[in-house]
Amino acid sequence: MKLWKGHKEQLDGKAPMDNDCAVVAEELTKKFGKFIAVDHVSFKVKRGEIFGFLGPNGAGKSTTIRMLCGLFSPTEGSAHVGGFDVATQPDEIKSRIGYMSQKFSLYEDLTVEQNINFYGGIYGLEGARLEERKHWVIEMAGLAGKESMLAHTLSGGWRQRLALGCSILHEPPILFLDEPTGGVDPVSRRKFWDLIYDLSHRGVTIFVTTHYMDEAEHCHTIGLIYTGKLIALGSPTELKHSLDRYSVFEVQCSNTVDAMELLRGQAWAAETSIFGSAFHISTLNVSDAEKKIQGILTNEKIAVSRIEKIIPSLEDVFIQRIAEEDARKNGARN
Amino acid sequence: MKLHLVSLNILPIVRKEFRQIKRDKRILSILLFIPALMLLMFGYALNFDVKHTSMAVYDEDRSSVSREFTEQFFISEYFTKVQTLESKAEINNLLDAEKARVVLVIPSSFTKDIQRGRAASVQVIVDGTNSNAAATVLGYINAIIQQYSVKVMTESFVRMGQQNITMPIDFEPRVWYNPELESAKFLVPGLIAFILMVTAVVSTALAIVRERELGTMEQLMVSPIKPIELILGKTIPYTIISLFATVTILFLGSILFDVSIKGSIFLLSLVTFIFFIGSLGMGLLISTMVETQQLAFMIAAIVSMLPTFILSGFVFPIRNMPIIIQGITYLLPARYFLVALRAIILKGAGLSAFWDQALILTIYAVIMIGISSLRMRKILA
Numbered sequence: 001m002k003l004w005k006g007h008k009e010q011l012d013g014k015a016p017m018d019n020d021c022a023v024v025a026e027e028l029t030k031k032f033g034k035f036i037a038v039d040h041v042s043f044k045v046k047r048g049e050i051f052g053f054l055g056p057n058g059a060g061k062s063t064t065i066r067m068l069c070g071l072f073s074p075t076e077g078s079a080h081v082g083g084f085d086v087a088t089q090p091d092e093i094k095s096r097i098g099y100m101s102q103k104f105s106l107y108e109d110l111t112v113e114q115n116i117n118f119y120g121g122i123y124g125l126e127g128a129r130l131e132e133r134k135h136w137v138i139e140m141a142g143l144a145g146k147e148s149m150l151a152h153t154l155s156g157g158w159r160q161r162l163a164l165g166c167s168i169l170h171e172p173p174i175l176f177l178d179e180p181t182g183g184v185d186p187v188s189r190r191k192f193w194d195l196i197y198d199l200s201h202r203g204v205t206i207f208v209t210t211h212y213m214d215e216a217e218h219c220h221t222i223g224l225i226y227t228g229k230l231i232a233l234g235s236p237t238e239l240k241h242s243l244d245r246y247s248v249f250e251v252q253c254s255n256t257v258d259a260m261e262l263l264r265g266q267a268w269a270a271e272t273s274i275f276g277s278a279f280h281i282s283t284l285n286v287s288d289a290e291k292k293i294q295g296i297l298t299n300e301k302i303a304v305s306r307i308e309k310i311i312p313s314l315e316d317v318f319i320q321r322i323a324e325e326d327a328r329k330n331g332a333r334n
Numbered sequence: 335m336k337l338h339l340v341s342l343n344i345l346p347i348v349r350k351e352f353r354q355i356k357r358d359k360r361i362l363s364i365l366l367f368i369p370a371l372m373l374l375m376f377g378y379a380l381n382f383d384v385k386h387t388s389m390a391v392y393d394e395d396r397s398s399v400s401r402e403f404t405e406q407f408f409i410s411e412y413f414t415k416v417q418t419l420e421s422k423a424e425i426n427n428l429l430d431a432e433k434a435r436v437v438l439v440i441p442s443s444f445t446k447d448i449q450r451g452r453a454a455s456v457q458v459i460v461d462g463t464n465s466n467a468a469a470t471v472l473g474y475i476n477a478i479i480q481q482y483s484v485k486v487m488t489e490s491f492v493r494m495g496q497q498n499i500t501m502p503i504d505f506e507p508r509v510w511y512n513p514e515l516e517s518a519k520f521l522v523p524g525l526i527a528f529i530l531m532v533t534a535v536v537s538t539a540l541a542i543v544r545e546r547e548l549g550t551m552e553q554l555m556v557s558p559i560k561p562i563e564l565i566l567g568k569t570i571p572y573t574i575i576s577l578f579a580t581v582t583i584l585f586l587g588s589i590l591f592d593v594s595i596k597g598s599i600f601l602l603s604l605v606t607f608i609f610f611i612g613s614l615g616m617g618l619l620i621s622t623m624v625e626t627q628q629l630a631f632m633i634a635a636i637v638s639m640l641p642t643f644i645l646s647g648f649v650f651p652i653r654n655m656p657i658i659i660q661g662i663t664y665l666l667p668a669r670y671f672l673v674a675l676r677a678i679i680l681k682g683a684g685l686s687a688f689w690d691q692a693l694i695l696t697i698y699a700v701i702m703i704g705i706s707s708l709r710m711r712k713i714l715a
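In the order they appear, the protein sequences are chains B and H.
Going by this note's numbering, the residue at position 85 of the first sequence is 85; the numbering climbs one at a time, nothing skipped.
Count along the second sequence from 1, add 334, and you get the number used in this note's numbering.
Keep in mind that the hints were calculated from the coordinates and are not lab data.
In this text, all values refer to a predicted model and were calculated from it rather than measured experimentally.
Watch out, some of these pointers could steer you wrong.
Claimed, not checked - Label pairs and their in silico Cβ distance ranges:
hint, chain 1, residue 1, chain 2, residue 2, range
1, H, 628, B, 33, 28 to 36 Å
2, B, 144, H, 562, 45 to 53 Å
3, H, 628, B, 186, 44 to 52 Å
4, B, 187, H, 644, 54 to 62 Å
5, B, 31, H, 604, 21 to 29 Å
6, B, 76, H, 685, 35 to 43 Å
7, B, 211, H, 696, 52 to 60 Å
8, H, 623, B, 187, 52 to 60 Å
9, B, 187, H, 628, 34 to 42 Å
10, B, 31, H, 659, 44 to 52 Å
We put the beta carbon where it would ideally sit given N, CA and C, even for glycine.
Produce the entire structure from the sequences given, and follow the hints as far as they go.
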């Protein structure tokens with residue numbers, strides 16, 4: 001079945017630069033008055049790649065996505081999507097991207113089919129092509145037999161898949177997903193990511209923002225944005241290895257809060273964070289860290305039931321990077 | 335490709351909008367039936383013609399002359415006799431209970447005074463709570479008494495041997511455009527302005543704000559749909575419905591109240607269209623300023639309904655308003671539209687009679703569409 005034809009022709013001969021990259025941001029900056037929402041951010045997203053864009057709320061994720069979608073121009077720097085400049089060619093970009101946000105922008109008072117017809121219509125699909133794509137979306141989203149149900153009667157997972165379907169009706173080569181799995185149950189999330197993988201295999205470039213660390217692990221490349229700055233960029237494996245100079249331990253003990261407080265005072269302790277019923281501590285330039293931790297906690301009559309060296313998780317990486325960035329900023333201020 | 339640049343992709347939006355209107359039966363019924371209902375209400379209930387005013391008579395004279403005088407009031411359709419009073423004390427109760435709006439008191443000396451050629455005095459007590467109606471009633475009473483006085487005087491001249499009495503001024507009233515002086519004729523054009531204004535402003539403001547509130551606007555903004563396509567696609571359905579409502583009012587006005595269009599249908603359509611565009615612009619402007627449907631509805635309703643109802647000259651004559659308020663009325667497009675509408679529908683006047691009103695409406699429409707599309711571009715692009 002050739003369900004994903006078309007976008008090759010759409011791009012051929014029209015992408016003037018960097019043929020391997022679907023999205024290129026160079027020193028991309030957006031200021032709102034004095035507030036710098038996005039601060040000289042640079043990255044490249046390869047064609048067919050899943051690029052995860054992570055960061056706390058208000059870090060600049062949505063502003064970046066909006067600039068890439070051609071909704072507003074950068075204050076400084078530049079970005080190219082599908083080879084087109086976001087500042088000067090937003091119309092070219094808009095017809096070649098798909099966009100879906102956590103709001104699942106469906107018309108709740110219209111049926112499944114009417115929603116598809118409408119979104120097909122605004123992307124200029126009609127006749128046989130619209131029918132073919134409609135059929136594809138309904139199959140993909142598992143909505144067969146539900147065509148005449150009103151959108152608001154669908155459950156979260158179905159609405160999410162319908163919204164995804166509506167945003168890729170026109171077979172865009174690049175797909176932007178802004179926290180697409182917010183408020184959806186784990187099974188539906190899993191199904192959704194299967195669809196994303198499938199699209200990626202077909203050559204669609206996916207740019208996705210998320211809060212979920214397990215979703216971040218699914219991405220080929222991850223960018224971490226914090227207070228407008230890109231503070232980490234690389235594949236999940238690369239990012240974890242970037243903590244190699246640290247040794248990370250997972251500690252299970254009788255009094256997690258006091259133990260973290262005690263260890264935080266040590267010069268060799270870089271960062272501590274709660275992890276389930278245990279906590280993680282990353283150490284720097286210290287030998288026998290395991291024994292030192294054991295000693296300190298035992299001294300204070302905290303019973304240690306387990307202490308083991310672990311491969312850092314992405315969350316460890318991000319916590320470390322954010323702490324470094326905060327320290328750097330405080331240093332600059334003082 | 336070239337063709338694609340010129341052609342606008344409006345149809346999917348128009349179709350979607352109609353589907354949503356169809357789904358929400360309330361909106362459709364409000365847009366279609368409220369105008370007809372309002373016409374009936376205003377046409378029949380909001381009647382400024384003061385007729386059949388309830389009148390009680392306290393006749394102390396009880397003579398054939400006083401009876402003849404009293405009769406003058408009730409042969410006209412302006413007054414209806416509700417009661418003949420036996421004592422002066424009853425007057426208060428009667429007026430308090432609103433059983434009568436007017437009490438005519440004829441003193442016992444009435445016949446004597448007339449026969450002796452002295453001025454007979456009668457007392458008329460009018461319930462002034464509804465000041466407009468009271469003023470009109472006083473006018474009628476005055477006219478009836480004058481007429482009767484003239485009759486008595488003429489009779490006495492004839493008795494004194496003078497023939498061929500002619501009054502120094504002969505009064506021949508001719509009322510133009512609305513000879514029966516019916517309120518409905520005056521109201522129908524105003525109602526068209528009122529309904530167009532309300533449907534245009536409220537529905538446009540709501541239609542755009544709804545997309546923003548539900549987050550679907552964001553989805554449209556990242557699509558290739560252009561702002562102009564979005565605005566046209568969203569307003570065309572309401573334009574069609576509003577124009578349908580206009581035709582309904584004209585039709586009902588003609589069969590129920592005998593208000594036929596004396597002037598050119600083309601001019602009527604043209605002026606209506608210009609006014610409508612200005613109202614759409616106002617609706618768009620509101621939609622760019624607020625975030626929620628609730629707020630949009632409130633602002634749109636206040637901005638469109640109240641001034642159009644109270645200040646446009648639809649119901650209350652502008653010339654009776656205080657100077658400052660009169661100044662404010664110059665800011666209302668409905669004011670100009672009404673003059674033009676009445677000129678076309680009631681007087682059959684041509685463009686020369688209201689070109690200035692049409693010009694102001696055009697300027698207003700251009701300004702409104704201009705400001706709102708500037709603001710819209712900021713939001714959409």
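task = Taking the numbered hints from earlier one at a time, note which ones the structure violates and give those numbers from smallest to largest.
result = As far as the earlier hints go, 2, 3, 5, 6, 8 are violated by this structure, in ascending order.
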